[in-house]
Structures are given as structure tokens and as C-alpha cells.
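Could you put the whole structure together from the sequences, leaning on the hints where they help?
Protein chains in written order, with this note's numbering: chain A, 1 to 327; chain B, 1 to 318.
These are calculated hints, taken from the structure and not from any lab test.
Incorrect hints may appear among the rest.
Claimed, not checked - From the derived model, a few chain B residues whose C-beta atoms are all more than 10 Å from chain A:
no.	residue
1	D11
2	R27
3	L30
4	G71
5	T108
6	P288
7	R298
8	H315
9	F316
As the list claims (entries may be wrong) - Derived CB-CB ranges, DEER-like:
no.	chain 1	residue 1	chain 2	residue 2	range
10	A	P60	B	K3	52 to 62 Å
11	B	T72	A	D173	39 to 49 Å
12	A	S280	B	G123	30 to 40 Å
13	B	D137	A	R34	31 to 41 Å
14	B	T262	A	D131	34 to 44 Å
15	B	D137	A	V285	55 to 65 Å
16	A	T239	B	G24	47 to 57 Å
17	A	P275	B	V18	41 to 51 Å
18	B	G123	A	P60	41 to 51 Å
Virtual Cβ for every residue (Gly too), placed ideally from N, Cα, C.
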Amino acid sequence: MTMPLLEVEGLRVTIDGPAGTLRAVDGVGFSVGRGETLCLVGESGCGKSLTALAAMRLLPRAARMTADRLAFDGLDLTSLPERALADLRGRRMAMIFQDPMTALNPVHTVGDQLVEVFDRHRLGSRAEGRDRAVRLLERTGVRPAAERMGQYPHQLSGGLRQRVMIAMALMGDPELLIADEPTTALDVTIQAQILRLLRELQREFALGLLLITHNLGIVARVADRVAVMYAGRVVETGTPSEVLGDPRHPYTRGLLSCLPGAGRGPRGSRLGAIPGVVPSLVGPVDGCLFRNRCGEAEADCATTAAEAPRTLAPGRIVRCLKAGVTA
Amino acid sequence: MTKAPLLACRDVVRTFAVRRGLFGRKRSLLAVDGVTLSVERGQVLALVGESGSGKTTLARMLLGLVPPSAGTILFDGEPLDAVDRRVLTRRVQPVFQDPYSSLNPRRTVARIVAFPLEIHGIGTADERRRRVADLLDMVGLPARVTHSHPHQLSGGQRQRVAIARALAINPDLLICDEPTSALDISVQAQILNLLQSLRADLGLTYVLISHDLAVVDHMADRVAVMYLGRIVEEGPAERVLRAPRHPYTRALLASELTPDPTLGLPDPGLSGEFPDPLDPPAGCRFHPRCPMASDVCRREPPAVRTDGDGRAECHFAA
Numbered sequence: 001m002t003m004p005l006l007e008v009e010g011l012r013v014t015i016d017g018p019a020g021t022l023r024a025v026d027g028v029g030f031s032v033g034r035g036e037t038l039c040l041v042g043e044s045g046c047g048k049s050l051t052a053l054a055a056m057r058l059l060p061r062a063a064r065m066t067a068d069r070l071a072f073d074g075l076d077l078t079s080l081p082e083r084a085l086a087d088l089r090g091r092r093m094a095m096i097f098q099d100p101m102t103a104l105n106p107v108h109t110v111g112d113q114l115v116e117v118f119d120r121h122r123l124g125s126r127a128e129g130r131d132r133a134v135r136l137l138e139r140t141g142v143r144p145a146a147e148r149m150g151q152y153p154h155q156l157s158g159g160l161r162q163r164v165m166i167a168m169a170l171m172g173d174p175e176l177l178i179a180d181e182p183t184t185a186l187d188v189t190i191q192a193q194i195l196r197l198l199r200e201l202q203r204e205f206a207l208g209l210l211l212i213t214h215n216l217g218i219v220a221r222v223a224d225r226v227a228v229m230y231a232g233r234v235v236e237t238g239t240p241s242e243v244l245g246d247p248r249h250p251y252t253r254g255l256l257s258c259l260p261g262a263g264r265g266p267r268g269s270r271l272g273a274i275p276g277v278v279p280s281l282v283g284p285v286d287g288c289l290f291r292n293r294c295g296e297a298e299a300d301c302a303t304t305a306a307e308a309p310r311t312l313a314p315g316r317i318v319r320c321l322k323a324g325v326t327a
Numbered sequence: 001m002t003k004a005p006l007l008a009c010r011d012v013v014r015t016f017a018v019r020r021g022l023f024g025r026k027r028s029l030l031a032v033d034g035v036t037l038s039v040e041r042g043q044v045l046a047l048v049g050e051s052g053s054g055k056t057t058l059a060r061m062l063l064g065l066v067p068p069s070a071g072t073i074l075f076d077g078e079p080l081d082a083v084d085r086r087v088l089t090r091r092v093q094p095v096f097q098d099p100y101s102s103l104n105p106r107r108t109v110a111r112i113v114a115f116p117l118e119i120h121g122i123g124t125a126d127e128r129r130r131r132v133a134d135l136l137d138m139v140g141l142p143a144r145v146t147h148s149h150p151h152q153l154s155g156g157q158r159q160r161v162a163i164a165r166a167l168a169i170n171p172d173l174l175i176c177d178e179p180t181s182a183l184d185i186s187v188q189a190q191i192l193n194l195l196q197s198l199r200a201d202l203g204l205t206y207v208l209i210s211h212d213l214a215v216v217d218h219m220a221d222r223v224a225v226m227y228l229g230r231i232v233e234e235g236p237a238e239r240v241l242r243a244p245r246h247p248y249t250r251a252l253l254a255s256e257l258t259p260d261p262t263l264g265l266p267d268p269g270l271s272g273e274f275p276d277p278l279d280p281p282a283g284c285r286f287h288p289r290c291p292m293a294s295d296v297c298r299r300e301p302p303a304v305r306t307d308g309d310g311r312a313e314c315h316f317a318a
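Encoded structure:
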């Protein structure tokens, strides 16, 4: 097997606060191969976005990061100097966000912002940069591309802005694309179009895609592999059919039972609910962090053994003491 | 035997004057263009549509916050503009998407929930205190949050506070504008369950605005689909969602990402972008994006075609 493009092992992100140290990401591990889509899925506060930022080495100053391994194409990202990281970012690894307006500069034209990526990484002449920008805008459906080059972000619809951001991410011809909730702010018909575009581009460019989402529908439809996160930890991994079709962690099962919609019981019937709230991640934590909300929890679940990942099959990992037993 | 519906709109229109740029001339934006619909007591009517469809403007008119430019809205058989504002707010209450921006951050939960009672001069201070305790219990909030401030609560708890406040004065109708869109899936499930049980216990009527068809499918008795200010399809939920007659409804349903790993990414089959509402297309407004569009669609706006209990505005609706 070839080396994965992005390797993450034992990633921890902590944030010091007045009440103590928050363990936002607590020993997360996964990998993304070339041409592969990994979805990190979870609810707010589970640490999925911080995990993505850590992979780009873009964490806010207040956050501290350690990792047993954090490597891009074999390069150790934890020890790389900022200059080398800056060379990687926007070129070999790119990121897109939920709200394009936070990433696009409102006072520069679309064209200038795309060409700037090209210039910054000294990838060719300005004319070549403009050529590539026009081609990528055309490819991402920002048409007529030549005309759009001269427009400002506020002149574009939300869907078009997201397409511009994707084109901008592709300017450096990256190998890895990290997308954090890229379609959450969009209307449903536009969401489907943007996801289709991302998938096509992924195939064309053989991109490794790390897609952060809270939407299990997106996971089902685009992921090659899924990692479900809860309280800063990955609690279950597998293919979408394994994780959604045969969930082994009680949290994953709980999430699925919360989904409304056709074929999920008669209209108006009670939805499943996960009782209680996520435990505080401030200060030391031990055992399974889902146990206070879990209907199957037992005394053992408070022990360190309950934190250990159990491998059911290659790539099928569940952090639950009962994962091997329950069906 | 026919009782007046709780809420009825007839040919309701709302325009806004907007100016493009600093020196642009004023133009008229038709946000809601001839909406006719009714909501029966105890029903849940869902309004679905994408941004710019006019669903929020319609909701604001139903709340009496914005007057219609033309047409009539009847509440319990009476024209809305004839109903005293105070009476209307006692009977129709909103629940918004973002409970954080709709709750006063400086007030405690108790004061937020009691506020409508104070405004309407209902009860003594003591009675209001008891009513607040009952309301918090009703929406599933623990008594210990009574003196908390909104920022100390989770998103789900804040939405429960907003619902408790809306229920304080025993309204008949709740206008819920994307009530769970800002919430996590597990919290959304709790709030939807709460809305269902309150509806059963208190006999409430809901107008539910949502872009999430799974939520609509779960909650609604009737569904109205809006596109560029018009209701393009309306009918019983079962029918609109299982046997849609309008191509836009079909595109919305096709775009829905159900968590089924055996299905790939759908192609909604829509061309182009959402049109400029200031310059709506001639003929059928949906024609530039419609996979079925023909000459007649470019020329003439479609008439309403009713079929039993449902209607659709499409030249090709069966």
C-alpha cells in the first residue's frame, strides 16, 4: 500500500482558559489517501473543525497542539518551520470554508485574488496565472469566466462565491483539499450542485479530500470512509455503509435515530433523542465520554480500557467496550 | 359545518422599494406575489423554498409585522388590519431560527418568559412567577435555569426559552421560522419532539418555515412550496412530497440528501442560478431553470391547476 497523503495519529489540541485546560481534540487519528474522501462528522464542539485547522497548522494562537504523528506526504508537519508551511498551504494543501466571504477579500476582484495565489507561490508569469484562473473559473462554473474575473465577491451569489473559493483552492494544483462545511450555508439545490462539482474535481485532480460536516446525508453520499467524532475523539470509523448501515457505537446509533424524514417512522412520531448533554471537556477526563448519555453504559465504561479503540476489521474501528459484542 | 380557517391569505402581495447602488433608481421588488392559502386549526402548514422565495416576508406579514401591499389576510375570519395589534400578538407568536439574537442577553430566563405577561398586564407578580415555572416545565427546562442568562444556556435550551416565551400568553398560532436550522441533529430532534407534544397538548396550529424537507416531512400536514414570491405547489404533505406535480418541487426533493449510502449524489437537473428577484423572468418564473420548459412557459404565466385537495402552477401539471 502506498503512503497516505495525510496521516494523523494521537492529535491533541488543548486550549487554556480561566476554568482550566479544555481538551478540544483528544487523541484523534485518521488518514486520507490520494483521491480519497474522508468525512469527519460530528456535532458542534466535537473538535472536527479544530482537527482540520490543526492539519493545516492554522490553529488559533490560544490553542496548543501535540501529535504522535501529523504528516503530509511523509513531511512531518509538527516540526516544519512556518516558511515551509506557508509554501505548502495554498499550493499542495488547500482549504475551503463554510462562508466564502471570510476567505475572499471584499476589496479585490475575483481575478486578482485567484492570480495572487499563483504569484505568491511563484508558479509562473502573471499571464499564465490569469490563464489558469480563467480556466478554473470556467471549470467550476463561474461563467462567463472572463467577465467574472473583474467582479467583486459581493456581486456574486452565495453559490457562485463558493465556486470561486473552490477555484481559488485549485490555483496551486493541490494534492489535498480540506473542506469545512462547504455547503452548510447554501440552498439545497445549490448544495447538491457544489458537492457534485467537488467530487468531479476530486477525480480530475486526484485530490485527497478531507470533508468536515455535521450532515449524515452528505456523509452517505460522498464519503469513501467516515470518522464519527464525539467530545474530541473519533468514536467510530468505517465506510458509509458500515457506519450508517451497521453503526456499532451507541452515539452513532443515537444520531441516526434523531433524523427525521421519509421512511423513518410515521409522520409526527417521536424522534429518537440522545439524553443529556456533552460532558465538560475542561480538566482531566477518563473512560468513555459518552457514558453519561448512553443507555448501555456499565461500570467498566468509566475505566481507561473503555477509551481504547477496538478494531473490528481493517479500517473499522469503534471506541466502545461492547463494540465486539453488540450487533 | 365549515368553520373559517384560523388563517387565510387571499392574493397577498408585498413589494419593497429598493435602490441599486448609491445613485441607482428606485425599483420595486415583488417579494410576495399573489399568495393564497389557508391554515386550519390544529394543522401544521410548512412553507418551503430557497432563499429569496419570499417565505420569510410572508411570515412577517402573518405576524402583522409588515402590512401587505395588496390582498387580504384573515385571522380567525377577521381581516388582519382590523384585528387590534395587542389581540393579534396574544394569539400569534413567532419562534425564530436563532434564539440567541431574539433573546435579550441582559435579562434572566424568568424575565424573558414573563415579559409578554407583563406587556399584556396578565396576572399578579406572584401568578406570573408560577406561570413561568409551569412554562419552563412544559418546555422541558430545569427549574435551575430560571435565573440564568441566555449566554449560560446551550442552543437547544435557548430555543426552549424562546418557545416558552411564545407560549406564555396562550397563543393559537406559532409562526416557526427555521426553528431548528441552527441546532445540532440531536438537539433538533428534541425540539421537534417538543413542538409535536405541545401541539397535541395545547391544540396549537403551526406555520413552519423550513428548507429541510426531512423536517417538513416529519412535521407537516400540508406543504406550500414557494418560488420567487409565488406558491407554485400546495397540498397535503403526503401528496406534495410523494407525488409532486411541479418540476421545482421535484427538483427540491431530488436535491435532498437522505443518509442512504447506496445512493450517489443527485443531480437536481436545474440549470442556471436563482434569478434576480428585481428582474423576474417573464412567463413562468421557473422556466429559465426548468428542465421541462417550452415556448408556452416563456410566454405565459401558468394558471393554477387544482386537483382534488392540491394545486400546482405549471403548464404541464397533470
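Each hint tested on the structure:
B:D11, annotated as away from the interface, keeps every beta carbon of chain A farther than 10 Å; the closest lies near 27 Å. Separation of B:R27 from chain A is adequate, the least Cβ-Cβ distance of about 17 Å exceeding the 10 Å criterion. Look at B:L30: its CB is around 19 Å from the nearest CB on chain A, clear of 10 Å, so calling it non-interface holds up. For B:G71, the non-interface assignment is confirmed: its Cβ lies about 27 Å from the closest Cβ of chain A, beyond the 10 Å cut-off.
Non-interface call for B:T108 relative to chain A: holds, since the shortest CB-CB distance, roughly 20 Å, exceeds 10 Å. Distance to chain A confirms B:P288 as a non-interface residue, since its nearest Cβ pair spans about 13 Å, more than 10 Å. For B:R298, the requirement that its beta carbon stay farther than 10 Å from each beta carbon of chain A is met, with the minimum near 21 Å. Consistency note on B:H315: stated as away from chain A, and its beta-carbon is indeed over 10 Å from all of that chain's, at 21 Å minimum.
The Cβ of B:F316 lies farther than 10 Å from every Cβ of chain A, with a closest approach of about 19 Å, so its non-interface assignment holds. At roughly 59 Å, the beta carbons of A:P60 and B:K3 sit within the given window of 52 to 62 Å. Taking the beta carbon of each, B:T72 and A:D173 are about 60 Å apart, not inside 39 to 49 Å as hinted. For A:S280 paired with B:G123, a C-beta distance near 38 Å keeps the hint of 30 to 40 Å intact.
The beta-carbon spacing between B:D137 and A:R34, approximately 56 Å, falls outside the hinted interval of 31 to 41 Å. Distance hint check for B:T262 and A:D131: the Cβ-Cβ separation is about 41 Å, which falls inside the suggested range of 34 to 44 Å. Taking 55 to 65 Å as the suggested C-beta distance range, the pair B:D137 and A:V285 does not conform, at roughly 32 Å. With their beta carbons about 53 Å apart, A:T239 and B:G24 fall inside the hinted range of 47 to 57 Å.
Distance hint check: the CB atoms of A:P275 and B:V18 are about 48 Å apart, consistent with the given range 41 to 51 Å. Separated by about 48 Å at the C-beta atoms, B:G123 and A:P60 satisfy the suggested range of 41 to 51 Å.
Violation of the numbered hints given earlier is confined to hints 11, 13 and 15; the remaining hints are satisfied by the structure.
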